[in-house]
Amino acid sequence: MLFNSYIFIFAFLPVVFIVYFSLLKRRLIIAAKAFLICFSLFFYSWWNISYLPLILGSMIFNYVVGNSLASTRNIKISRSSLLTFGIVINLSLLGYFKYTDFFIGNFNWLTSSDVGLLHLALPLAISFFTFQQIAYLVDSYRGETKEYDFLNYALFVTFFPQLIAGPIVHHKHMMPQFSNPRNLVKNYRHITVGLFVFSIGLFKKVVIADTFAIFATHGFDNNLSLSTLEAWLTSLSYTFQLYFDFSGYTDMAIGAALMFNIKLPNNFNSPYKAGNIQDFWRRWHITLSSFLRDYIYIPLGGNQKGRYLTYFNLMITFVIGGFWHGAGWTFIIWGAMHGTALIVHRIWSNFGYKLNKIVAWFLTFNFVNIAWVFFRAEDLNGAVNILLVMFSVNTNNGFGFFDVITKIDIPFMLIIIIGAVIGCFCLQNLNLANKKFIPNSRYRFLFIVVLIIDLLYIGSIQPKEFLYFDF
Amino acid sequence: MIFKKFLLQSLLVTGAIYLSVVLLFVVLDDYGLFFKDNRKIYTAENERTSKYLFTYNYIPSYFNGLLLGPSLGDQIDTSLLNGYKIFNLSMNGANTTELYILLNNVLKQEHQIKVIILTLHEYVTETSGRKTSHMVPQEYYASFSSIDAVKLQIRKLIVSQGLARNYFNESGYMNMNLAKTINGGKPTPLMLVSPEIVTPGFEVDENAMKDLENIIELAHGNDIALMGYFHPDPYSLYDGNRAQNEAYKSRVKAMFFREDLVIDFNTDAFDFFRKDNSNFMDGSHLSYKGEDFIIEHLNKALKMLSDNKALK
Numbered sequence: 000m001l002f003n004s005y006i007f008i009f010a011f012l013p014v015v016f017i018v019y020f021s022l023l024k025r026r027l028i029i030a031a032k033a034f035l036i037c038f039s040l041f042f043y044s045w046w047n048i049s050y051l052p053l054i055l056g057s058m059i060f061n062y063v064v065g066n067s068l069a070s071t072r073n074i075k076i077s078r079s080s081l082l083t084f085g086i087v088i089n090l091s092l093l094g095y096f097k098y099t100d101f102f103i104g105n106f107n108w109l110t111s112s113d114v115g116l117l118h119l120a121l122p123l124a125i126s127f128f129t130f131q132q133i134a135y136l137v138d139s140y141r142g143e144t145k146e147y148d149f150l151n152y153a154l155f156v157t158f159f160p161q162l163i164a165g166p167i168v169h170h171k172h173m174m175p176q177f178s179n180p181r182n183l184v185k186n187y188r189h190i191t192v193g194l195f196v197f198s199i200g201l202f203k204k205v206v207i208a209d210t211f212a213i214f215a216t217h218g219f220d221n222n223l224s225l226s227t228l229e230a231w232l233t234s235l236s237y238t239f240q241l242y243f244d245f246s247g248y249t250d251m252a253i254g255a256a257l258m259f260n261i262k263l264p265n266n267f268n269s270p271y272k273a274g275n276i277q278d279f280w281r282r283w284h285i286t287l288s289s290f291l292r293d294y295i296y297i298p299l300g301g302n303q304k305g306r307y308l309t310y311f312n313l314m315i316t317f318v319i320g321g322f323w324h325g326a327g328w329t330f331i332i333w334g335a336m337h338g339t340a341l342i343v344h345r346i347w348s349n350f351g352y353k354l355n356k357i358v359a360w361f362l363t364f365n366f367v368n369i370a371w372v373f374f375r376a377e378d379l380n381g382a383v384n385i386l387l388v389m390f391s392v393n394t395n396n397g398f399g400f401f402d403v404i405t406k407i408d409i410p411f412m413l414i415i416i417i418g419a420v421i422g423c424f425c426l427q428n429l430n431l432a433n434k435k436f437i438p439n440s441r442y443r444f445l446f447i448v449v450l451i452i453d454l455l456y457i458g459s460i461q462p463k464e465f466l467y468f469d470f
Numbered sequence: 000m001i002f003k004k005f006l007l008q009s010l011l012v013t014g015a016i017y018l019s020v021v022l023l024f025v026v027l028d029d030y031g032l033f034f035k036d037n038r039k040i041y042t043a044e045n046e047r048t049s050k051y052l053f054t055y056n057y058i059p060s061y062f063n064g065l066l067l068g069p070s071l072g073d074q075i076d077t078s079l080l081n082g083y084k085i086f087n088l089s090m091n092g093a094n095t096t097e098l099y100i101l102l103n104n105v106l107k108q109e110h111q112i113k114v115i116i117l118t119l120h121e122y123v124t125e126t127s128g129r130k131t132s133h134m135v136p137q138e139y140y141a142s143f144s145s146i147d148a149v150k151l152q153i154r155k156l157i158v159s160q161g162l163a164r165n166y167f168n169e170s171g172y173m174n175m176n177l178a179k180t181i182n183g184g185k186p187t188p189l190m191l192v193s194p195e196i197v198t199p200g201f202e203v204d205e206n207a208m209k210d211l212e213n214i215i216e217l218a219h220g221n222d223i224a225l226m227g228y229f230h231p232d233p234y235s236l237y238d239g240n241r242a243q244n245e246a247y248k249s250r251v252k253a254m255f256f257r258e259d260l261v262i263d264f265n266t267d268a269f270d271f272f273r274k275d276n277s278n279f280m281d282g283s284h285l286s287y288k289g290e291d292f293i294i295e296h297l298n299k300a301l302k303m304l305s306d307n308k309a310l311k
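So the protein lines, in turn, are chains A and B.
For what it's worth, numbering that gives the first Met the number 0 labels the leading residue of the first sequence as 0, then goes sequentially.
For what it's worth, numbering that gives the first Met the number 0 labels the leading residue of the second sequence as 0, then goes sequentially.
What the hints contain is simulated information worked out from the structure, not anything from laboratory work.
Glycine included, each C-beta is placed from N, C-alpha and C at the ideal position.
Any given hint might turn out to be false.
Here are the computed distance ranges between Cβ atoms for each label pair [claimed, not checked]:
1. A:Ile437 <-> B:Leu23: 31 to 39 Å
2. B:Val26 <-> A:Asn355: 56 to 64 Å
3. A:Thr99 <-> B:Asn165: 52 to 60 Å
4. B:Arg164 <-> A:Asn221: 23 to 31 Å
5. A:Asp148 <-> B:Ser19: 42 to 50 Å
6. B:Glu202 <-> A:Thr99: 54 to 62 Å
7. B:Leu32 <-> A:Val448: 56 to 64 Å
8. A:Thr99 <-> B:Glu169: 38 to 46 Å
9. A:Val448 <-> B:Asn81: 29 to 37 Å
10. B:Glu245 <-> A:Thr99: 57 to 65 Å
11. A:Ser77 <-> B:Gly128: 36 to 44 Å
12. B:Lys4 <-> A:Thr99: 49 to 57 Å
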């Protein structure tokens, strides 16, 4: 079920909200939580019910292992072995579904053999719920978890707003909220702000991201015929599409969760305003960056083992980050590019050099934009084709980049694109704007206008899946 | 309490405005979905959406014939065909899957369709599946509750002020020659194929062939008179790939029943037409002169079809 579908907005969300708080009002707390879990699993199964046993199995397995690790009681095997076992099982599951064909393909290429691909469908959200639960196991091993109640644990894993594409939530952040009695009462401030944030996220997705998507898809699908200008427009379209798509999804998740009195962590903080690549990673997919830092970079030794090992750790962390996004060389290259950029930035900073702010921003934004070409392209050839055209003076006249739109779309699209680009670079971050939310006429006007535009747009465009559903 | 009041008021105002907008679009009924007042309705800029929505009420209520094809068929002004009130359901870039969707939707309604004309060309069977995200049931609701409906009103306003021209008439005919003139005579890639860049040979998608069969079966199953015509290709273009063209024609002809009528404009009898470049506006689409010639022949064929039916 997509957040930007009628079924979610007009049926699922209101029904779950009303029933959940009705049960809580009758002090049926366990029933309310069980109901929320069941409907979160229903939400998950909407795409394909055959994945349901997978998430249920994963959840039960990690709960048992995590509790055993956190338990003070004696267990027959060593705690480190148990942790290793838990992590291996989780990674095996992820590896089997996500990476088997990648490894078979590379094996075939290297050895000129012909082992058949499995063509497994990637279970929805597997990358997200696997990472969340690995973090839980590691923290249980470190003694940083308590023996959580199973219902709360199940809610932590399955809570529908964050289940499919994050933000990657941490048990320390979530569990106390699920058990806090104050969160069991309807809060009109949270409902209003939640709905407002949800509507802004929906706007980002259906109005802005889906507009950029038209050009990004058209350009990448025709990468052999692009002119230099069209190649730049294609890459920039994707750069903005990805940001508005994913941050829109995150806003919808944050908004929907807030209606249930659950505060999800922020995932974006105006990333395209970043002045350097390190700054970019503090602003982009913040919960993933934190996970990579806490569970890969720091355990590898972080920056504590000398300059060269720090560079090595950075590179490893980002290559893994790239590979987490997808089983393909394009994702590995994308991760390696960011790892390299972070190393270069670190060396540059160590020398004490400083760039003019605008030049620094310009370099950072363009580097990110170029790297996204690898992230989006179907294969290496597709990425190289676009980059070659972007950086060459080619005589190609183009193939009709704008043919995908009708004339009447032009004014609408111009307003959307110019507004989005200005908003991206100049407007205050939404997180800050929401903290200042006051129920005055200015906000009411904005709220109503955004809601009406959302309603008109979700009707017109067939709901398209969010980009991060593929990862 | 402040937030509760704010929330309720905001939602109520939003709901009221949105419902008013929906109601307005229902009353305007630009796709003839609700009312049966026999008005003229024109295909909008988004041809797929318009023609798909016409299949719900407008076509079943007011037309008793259909013409189905790609842009090559779109060029036939069906209002000039005699004996039947035929709607041109052809679409720019259409394949047989899409044409099947349209036909199936018309025949699902309470209809009065008596004749179907198919524009036959390898183009319609080169691909299968829906080519765009349009032509889905969701568009029914979108037509009175979406930004597309807003855009349509703006487009109508622009046309009514003489700032743009409508290429379509109320029978679904697309005036491509006019479109070309308005576009400054420049070929529009979707519409125009230049003979010198066309390489001989074409792909045949087996799923698309199956959909063509389904279209024919649907017509037969509903006891609708069926006529197909092979669109004339410029002589040099056809001759450059004669063997494959002939094989393709034989395969398609075999799908029709004996009582169906199939006209082949790519035989020697029509060489004079196909050798005359003034009959074409580009490598395959017809000029006004070419359109007139085909319409004249279709009228003769329709007369023959009616006579045959009467004889039965």
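Hint check:
no., hint, result
1, A:Ile437 <-> B:Leu23: 31 to 39 Å, "holds (33 Å)"
2, B:Val26 <-> A:Asn355: 56 to 64 Å, "holds (59 Å)"
3, A:Thr99 <-> B:Asn165: 52 to 60 Å, "holds (55 Å)"
4, B:Arg164 <-> A:Asn221: 23 to 31 Å, "holds (29 Å)"
5, A:Asp148 <-> B:Ser19: 42 to 50 Å, "holds (49 Å)"
6, B:Glu202 <-> A:Thr99: 54 to 62 Å, "violated (33 Å)"
7, B:Leu32 <-> A:Val448: 56 to 64 Å, "violated (28 Å)"
8, A:Thr99 <-> B:Glu169: 38 to 46 Å, "violated (57 Å)"
9, A:Val448 <-> B:Asn81: 29 to 37 Å, "violated (53 Å)"
10, B:Glu245 <-> A:Thr99: 57 to 65 Å, "violated (48 Å)"
11, A:Ser77 <-> B:Gly128: 36 to 44 Å, "violated (56 Å)"
12, B:Lys4 <-> A:Thr99: 49 to 57 Å, "holds (56 Å)"
In terms of the numbered hints stated before, the structure departs from hints 6, 7, 8, 9, 10, 11, listed from lowest to highest.
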